[in-house]
Amino acid sequence: MVNHQVDLPEETATSRRRLLTSLLAGGAAVVAAPFFAGRASAEEIVNAPRDPKDYPTLNDALKRERQMAATYKAAAAKATGDEKFALTLLLDHHDAYVDSLKGYLGTDAVSGTEAALASPSGSFASIAPQMAALENETLAGHTARLGTLVGIDAAKLLASIITVEARHAAALSLLGGASPLAAAGS
Amino acid sequence: MTTENTSKISRRSMLRTSGALVAGSAVLAACGTEHHSVARIGQTPEIEKLPDVKVTDAALLRTAMSVEKMVADMLSDKRVTSLADAKAQPIISAFAAAHLADLAALSPMVSARNAEPVNEANQKLMSSYGENALRLVGEGKNPTDVLALTHALESLVAATYQYFVSLTTEPALRGEMMRMGAKSARRAAVAAQLFNGGIKALSDQLNEDGTVVTGTIATFPSAFGPLNAVQVALGPEIPEAPRANVLMDTPSLNSILY
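Those protein sequence lines, which keep their order, are chains A and B. So the first sequence is numbered by UniProt numbering: it starts at 1 and just counts up by one. So the second sequence is numbered by UniProt numbering: it starts at 1 and just counts up by one.
Just chain A, with the same shape it has in the complex (with noise of 0.2 Å):
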């Protein structure tokens, strides 16, 4: 006959130290859960549509549309022929970024008028670069504001406001005698 030893745990597996040790792993695996969100998915996404945390940054926006506006319709009131039309036409984008974001933020959206960035004067070629200047400024202060935003629906209306904007950027400065490599930015 043969004997065979076994060696037993000194503790068994339901001892109130491991109880406490998983505890505790379960907890820490819960608090850095949000560490991993990176990993989470478009899914779920769909449930931040709007943000109250972002209505300072939006009105930061609107009041630089706003601007923006003032600045066209001072240049094409001055202008005519196709040079007013042109005008016209860049002042009508700026006006609906200024009506979309004032929807968006409803009663939230902060009220009044604001001054021109400049007084342009002169055929549209001379005007050109100064309003590809502040077309860039305001490209580049719109992407950074997109960067904080927790909402998806005013990331969403912020980023097809960029994609135009670039555009005016680019065309203005070809038109304000620029190489296109340099209007393109490359």
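Hints listed in this document are in silico derivations from the structure and should not be mistaken for laboratory results. Glycine included, every Cβ here is placed at the ideal spot set by N, Cα and C. If a hint is listed, it holds; no wrong ones were tucked in.
In silico lysine-lysine, DSS-like type, Cα no more than 30 Å apart, as pairs:
| hint | chain 1 | residue 1 | chain 2 | residue 2 |
| --- | --- | --- | --- | --- |
| 1 | B | 87 | B | 141 |
| 2 | B | 200 | A | 73 |
| 3 | B | 54 | A | 156 |
| 4 | B | 124 | A | 156 |
| 5 | A | 63 | A | 53 |
| 6 | A | 156 | A | 73 |
| 7 | A | 156 | B | 69 |
| 8 | B | 200 | A | 78 |
| 9 | B | 54 | B | 69 |
DEER-style ranges, computed between Cβ atoms:
| hint | chain 1 | residue 1 | chain 2 | residue 2 | range |
| --- | --- | --- | --- | --- | --- |
| 10 | A | 144 | B | 48 | 45 to 53 Å |
| 11 | A | 111 | B | 120 | 50 to 58 Å |
| 12 | A | 122 | B | 258 | 47 to 55 Å |
| 13 | A | 148 | B | 222 | 25 to 33 Å |
Starting from the structure of chain A, add chain B where the hints point.
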């Protein structure tokens, strides 16, 4: 007493015959085709479950890389470069280089999210419209197709990033996406102005009946960035017939690289 088996069916021959029958049946069964019965209510075929994939930020970045590579490849394709005139040649080569630079810039963003960077064109999009567009440019041999295609491709990239903003979970990454998208939007505007320049071309040029003049590209097609399919007319000029219209869609769930 002698027992004589007078029966013609011996035990041995019976076993042999039975064995042959069983073997024959097995062969016939193997040669037969599957029999499909008429479907009945409550009876459904077994459906293979699709893999569970999620549109993560890493998947979007990988897809953006594949789109950047696709556009760089298309702008460098011999069918396009051989048609480019002196005005378009330096533009398309600089734009192709810019897309490769953006590809390189995206790579560390993908790696930082524990995913594999991509260095190949998006095959789904290439087979959907990329190959067709290049084939039409090659067949048409029309130099104006070069800038029209360039404008369409840059608009596509800008729209791709704009669309991806709505799927991206990290706010800071949305800003990065649009930084890339804005670059393509700028290039699209320059391509449009080189195609038909001047302030009259900033918006759609209209006929008296309100239709858009054929063969023109608006530098600012709308006040907000569009997400609809980018359309471009390419290929041979056929008398009294419209040119082929290629529709280019931004990547969707079936062309995202998970």
